[in-house]
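Trainee: Spelled out from the first residue to the last, the chains are:
2 protein chains.
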Amino acid sequence: MEHYENFKEELQIRTEYAEKVIRRWLPKESGFARTMAEAMNYSMCAGGKRLRPILLLETFRMFGEDEQLAEPFMAGIEMIHTHSLIHDDLPAIDNDDYRRGRLTTHKVYGEAMGVLSGVSLLNYAYETMLKTFEMTSDADRVIRALKIMSEKTGIHGMLGGQSVDVENDGKEISREMLDYIYEHKTSALIEASMMAGAILGGADEEQTALIEKVASAIGMAFQIQDDILDVTSSSQELGKPVHSDEKNHKVTYVTLFGVEKASEQVLQFSEQAQSILENLSNKNKFLTALIMEMASRRK
Amino acid sequence: MEHYENFKEELQIRTEYAEKVIRRWLPKESGFARTMAEAMNYSMCAGGKRLRPILLLETFRMFGEDEQLAEPFMAGIEMIHTHSLIHDDLPAIDNDDYRRGRLTTHKVYGEAMGVLSGVSLLNYAYETMLKTFEMTSDADRVIRALKIMSEKTGIHGMLGGQSVDVENDGKEISREMLDYIYEHKTSALIEASMMAGAILGGADEEQTALIEKVASAIGMAFQIQDDILDVTSSSQELGKPVHSDEKNHKVTYVTLFGVEKASEQVLQFSEQAQSILENLSNKNKFLTALIMEMASRRK
Numbered sequence: 124m125e126h127y128e129n130f131k132e133e134l135q136i137r138t139e140y141a142e143k144v145i146r147r148w149l150p151k152e153s154g155f156a157r158t159m160a161e162a163m164n165y166s167m168c169a170g171g172k173r174l175r176p177i178l179l180l181e182t183f184r185m186f187g188e189d190e191q192l193a194e195p196f197m198a199g200i201e202m203i204h205t206h207s208l209i210h211d212d213l214p215a216i217d218n219d220d221y222r223r224g225r226l227t228t229h230k231v232y233g234e235a236m237g238v239l240s241g242v243s244l245l246n247y248a249y250e251t252m253l254k255t256f257e258m259t260s261d262a263d264r265v266i267r268a269l270k271i272m273s274e275k276t277g278i279h280g281m282l283g284g285q286s287v288d289v290e291n292d293g294k295e296i297s298r299e300m301l302d303y304i305y306e307h308k309t310s311a312l313i314e315a316s317m318m319a320g321a322i323l324g325g326a327d328e329e330q331t332a333l334i335e336k337v338a339s340a341i342g343m344a345f346q347i348q349d350d351i352l353d354v355t356s357s358s359q360e361l362g363k364p365v366h367s368d369e370k371n372h373k374v375t376y377v378t379l380f381g382v383e384k385a386s387e388q389v390l391q392f393s394e395q396a397q398s399i400l401e402n403l404s405n406k407n408k409f410l411t412a413l414i415m416e417m418a419s420r421r422k
Numbered sequence: 124m125e126h127y128e129n130f131k132e133e134l135q136i137r138t139e140y141a142e143k144v145i146r147r148w149l150p151k152e153s154g155f156a157r158t159m160a161e162a163m164n165y166s167m168c169a170g171g172k173r174l175r176p177i178l179l180l181e182t183f184r185m186f187g188e189d190e191q192l193a194e195p196f197m198a199g200i201e202m203i204h205t206h207s208l209i210h211d212d213l214p215a216i217d218n219d220d221y222r223r224g225r226l227t228t229h230k231v232y233g234e235a236m237g238v239l240s241g242v243s244l245l246n247y248a249y250e251t252m253l254k255t256f257e258m259t260s261d262a263d264r265v266i267r268a269l270k271i272m273s274e275k276t277g278i279h280g281m282l283g284g285q286s287v288d289v290e291n292d293g294k295e296i297s298r299e300m301l302d303y304i305y306e307h308k309t310s311a312l313i314e315a316s317m318m319a320g321a322i323l324g325g326a327d328e329e330q331t332a333l334i335e336k337v338a339s340a341i342g343m344a345f346q347i348q349d350d351i352l353d354v355t356s357s358s359q360e361l362g363k364p365v366h367s368d369e370k371n372h373k374v375t376y377v378t379l380f381g382v383e384k385a386s387e388q389v390l391q392f393s394e395q396a397q398s399i400l401e402n403l404s405n406k407n408k409f410l411t412a413l414i415m416e417m418a419s420r421r422k
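Chains as they are written, first to last, in my numbering: chain A, 124 to 422; chain L, 124 to 422.
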C-alpha cells in the first residue's frame, strides 16, 4: 500500500468534525423528558472512534461536494450504532457494566431507561435524517439513502444479525451462520454508512453496488479483528473486558481458525475492499488508508 | 349525537380491512432471523382493536380518495404502537405476563428477544412507510407524514411520555406532569395516526393543525377511559390485569378526581373532538361516531 502522509493528523481532523456534527444534532436536555435526553447524550458522548460517520463522510466525498448534506446522516448512523450498543449491554443481553471505560447506560440510568433511551436514539436517528429533505431539492437521493438505512438497520440487517447472535449464544454454530451474523450484525451498518454517503453524494446504482461490496468486506475485516483483539489485547487497552468470547463459549473466527489464520483473513478482506475501491474512477486516498488502518488497529 | 346506523357492522368492516393491511406488510418468517420475525408477528397478531390504523384510514378518507396510499402507514402506526406494548411489558418496565389474554412476547420468546423484536418493529415501521414513495409521485406528502410519525413517536412524543411515566413510577406527581404523560404517552400516536392520514389524503397545514387538536382530545379521552376501566372493569373483560394502577400507587385521573369526575372529563374531551370535526368542511360521520364510541367503550 502507498504511504498516506500525516494519516493520524488527517484522521484526527475528521474525528473532530464527526464529533462536532454529532453533538450539534443531539436532543436538548430540557422539559419533562430531560432524563431520557441525558441518557441518550451520555451514551452518544462516551467517546468511540466515530468510524461510521467518518466512512459516510469520506464516501460522500468520493461523489459529491456540498458535504453539509451528509451531516444529518452522519449523526443518524452514530445514533443507530449507539442504540445497538446500549441494548447489547442490557442485563437481558450481554449484561456488561462497562463500555469504553465508562459505566454502561443502564448502570447509570437504570434498566428501564436503558431500553427506552436506546429505542429513542433509533427513532431520533430517523427524525434527524428526515431533516435532510429541508437541505436539498433532490428528494430522490434522500429517499434512497433513508431506504438503505432502514433496511440495513432492521430485521434484514443489523437487528436480524443481533437476534441470531443472541438466540445462539453459547451454542455450537455453523460457519454459514457465523458469516450471517458477521455480515448482518457488523457489516450491515458499515454498508449503510458508505452506501448512504455514496447515494447522497450522487453515486449511481452501479457505483452504490460496488460501495456495498467494499463496505461488506470492511465489516468482515473489522469484526474478525474484534475477535482477535478479544484474545490478544488487554482490558485497559480496549476499555472493555477481554477474553469474553472464550468465557461465553462464543464461536468466532478465532475459535474456528486460530489467531494467525484469522489475521490473514482480516488482511484478505481489507485488500479485497481496497482493490474494488481502486477500480472505481472516483478516488479517495484517505479512505483507502483508513481501511488498511482499521485492519491493523490495536483497539 | 346523531345516531349512526349499523355502526358495529361498519366498524367490523374497517377492523377487518385494517387487519388485512397489517398482515400483508408483516415480515416473512424465513431465514436465520426467523425467530425474531415470529416474535414480531406474534405480538402484531395478538388481536387488538386496530384503532390507530382505522383512525388513520378514516382521516385519510376525509381528504383523499386513493386509499391504497394509506396502507403502509396503517401498518406502520400499528407496528410502532405494538413495539411500545412489547417494551412496556418487559420485566424492567411493567413486568406483565399477559396482554390481550395471551402471554406477553418476552414470556414466550425471552427477554432479549423482547427487547430486540420491539425495536425491530419500530424500525420495520419506517421500512414499511418508506415504501409509500414507490406508490405516488407526490413525495412531499409522504415526507411530511414521515416527519410527523417520527416526531410523535420519539423523545418529543410517545417515547418521551413513556420515559417520564417510568421515571416517576409510584411517585406523587403534579397534574401538569400527569397531563404531559397522557398527551405524550397516549395522545401523540393518535395525533400521528390522524395527522399522517390527513396529510397523505391531501390536507393543508391549517386542516392538519385542526386534526391534531381533534386527535389530542381523543387521546386524552381514551387514556382517562383506560384509567376508569382499570377500576370498574374485570380482568376477564379487559384481557389484562385490573386495579394495577392502585396496586402500583399510580397517579391517574381517577385517583386525582374520582370515577365520576373522570367520566365527565372523558365526555368533555370527546365532545371537544367532535365539535372541531364538525366545523371542518370535510365530513366523516363514521369517524365522529367512532370517537363517541371510544369514549364509552367497556374494554
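Quick caveat, the hints were computed from the structure, so don't treat them as lab data. Just so it is clear, CB atoms sit at the ideal spot from N, CA and C, and this is done for glycine as well. A couple of the hints might just be wrong.
What the hints assert, rightly or not - Partial selection, computed: residues in chain A whose CB lies under 10 Å from chain L:
#, residue
1, Leu208
2, Phe256
3, Asp263
4, Glu299
5, Ala332
6, Asn371
7, Thr375
8, Val382
Stated by the list, open to error - Here are the computed distance ranges between Cβ atoms for each label pair:
#, chain 1, residue 1, chain 2, residue 2, range
9, L, Gly170, A, Ser357, 33 to 41 Å
10, A, Glu190, L, Ser297, 53 to 61 Å
11, A, Glu128, L, Asp261, 33 to 41 Å
12, L, Gly233, A, Lys151, 29 to 37 Å
13, L, Lys370, A, Lys230, 25 to 33 Å
14, A, Arg147, L, Ala262, 41 to 49 Å
Trainee: Now tell me, hint by hint, if it's right for this structure.
Mentor: Checked hints:
| no. | hint | verdict |
| --- | --- | --- |
| 1 | Leu208 | 13 Å, violated |
| 2 | Phe256 | 5 Å, holds |
| 3 | Asp263 | 8 Å, holds |
| 4 | Glu299 | 9 Å, holds |
| 5 | Ala332 | 19 Å, violated |
| 6 | Asn371 | 14 Å, violated |
| 7 | Thr375 | 17 Å, violated |
| 8 | Val382 | 27 Å, violated |
| 9 | Gly170/L <-> Ser357/A: 33 to 41 Å | 53 Å, violated |
| 10 | Glu190/A <-> Ser297/L: 53 to 61 Å | 46 Å, violated |
| 11 | Glu128/A <-> Asp261/L: 33 to 41 Å | 50 Å, violated |
| 12 | Gly233/L <-> Lys151/A: 29 to 37 Å | 36 Å, holds |
| 13 | Lys370/L <-> Lys230/A: 25 to 33 Å | 28 Å, holds |
| 14 | Arg147/A <-> Ala262/L: 41 to 49 Å | 26 Å, violated |
In summary, the numbered hints that this structure violates are 1, 5, 6, 7, 8, 9, 10, 11, 14.
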